[in-house]
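Peer 1: Residue numbers (the numbering used here): 1 to 391.
Hints are computed from structural coordinates only; laboratory data are not their basis.
Given the structure is predicted, the values throughout are model-derived calculations rather than measurements.
Any given hint might turn out to be false.
Stated by the list, open to error - Below 27 Å or equal to it, Euclidean Cα-Cα: the simulated DSS-like pairs (lysine-lysine) are:
1) K206 with K336
2) K166 with K23
3) K23 with K209
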Amino acid sequence: MAKEEKKAPKLRFNGYTNDWERKEFGDVVEFYSGLTYKPENITQSGTLVIRSSNIHNSQYVNADNVYVKNNIVNSEYVKKQDIVVVVRNGSRNLIGKHALLTSIPHNPSVIGAFMTGIRSSDNQFIETLLNTEQFKREINKNLGATINQITTSQFKKMRFHFSKQKENKQIGVLFTYLDNSINLHERKCEELTLIKKSLLQKLFPKEDKIKPEIRYKNFSDAWEQRKLGDYLSIPTKEPITDINELKLMTLKLNLEGITLTANRETLKLGATKYYKRHEGQLLYGKQNFFHGSIALIPKEAEGYATSGDVPALDISNVNGKYLVDYISRPSYFKAKEALATGTGSKRIHEKTLLNFKITVPSLEEQNAISDFITNYTNLITLHQRKLEKLK
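Whenever a hint applies, use it, and build me the whole structure from the sequences.
Peer 2: Structure follows, in structure tokens:
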């Protein structure tokens, strides 16, 4: 999109050399208002009222739908390719949230009173414009001090750069294609993640069961019930005594892994003790094990440190990835909150964790399960990287 100080963008389609013209929004688009209704107007079916809850990631979604009686509607019905925008809301962050209606979600449909509708000769370009940082700045500039709203008058006076209709249309089509590709990749990532979650439940035995629902061919030996302490052990402590040797890592919640940091400048040894950790160890959060603070320390984190509240345990006589995958199932770690001890912030100490039960097959079957999960996780990561590039 064009920058404020320039009359044309740096990157353009071939064949366009004309300057872009700065116009008020009201000179380019038409606005229409939403429906005001009363609680007694709500019914099980009738006219759908599109509200802010129906807009997510610039798309219409069915969420907490509200329908009103057809005979009370006195506002404009939405049409295909209309853009609906949140202009008033209790949350300032939701002002400006919008969606291009690629189809009519329900026949008939209107927008609620806290929204506005936009029509133009090329709403694909207008939708692209509303996705820019410039539009966000215009929203923030016009927001009321006490009331979270943008009036239609303010909306009309917002100024943006426009080219000729043909170039506007090409830009709109391009970004619509990109948005659709992003949405497809997002859905693919979500589907793959859900499939992985389901597979984890089926590849490992359920609580108090000794075999899983799904097994690889050629494996028929019984699984054994053991304790984590049969495979995990508390290593000799390696405290960091020199601030120059301190490299920290942070263990995230919800199985989101480890982040490496190097913020020695803000730390002082003494107040909190830090201990060196090693590749291949199991790292977990005492206060957040049951919130998914679990990870296998990767090669790049070798020698990094955590506090005593994020201990590391040595792994032996088992496939480490298998063990971590087993305890990383929400059905497993969430149930362990009941076993946390202490006043205030409850913790799962090492000795408690070592008594947790685990069911294990032969090492060969562990390897097969671990390899499959690793390959599937890599597939999800590949799609996530593609998604990040598109964004």
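Peer 1: Would you mind marking each hint as holding or not holding in the structure?
Peer 2: Hint check:
With a C-alpha separation of about 15 Å, the suggested pairing of K206 with K336 holds against the 27 Å cut-off. The hinted pair formed by K166 and K23 meets the criterion: a straight-line CA distance of about 17 Å does not exceed 27 Å. Taking the CA atoms of K23 and K209, the gap is near 69 Å; set against the 27 Å cutoff, the hint is violated.
Consistency note: the structure conflicts with earlier hint 3 alone.
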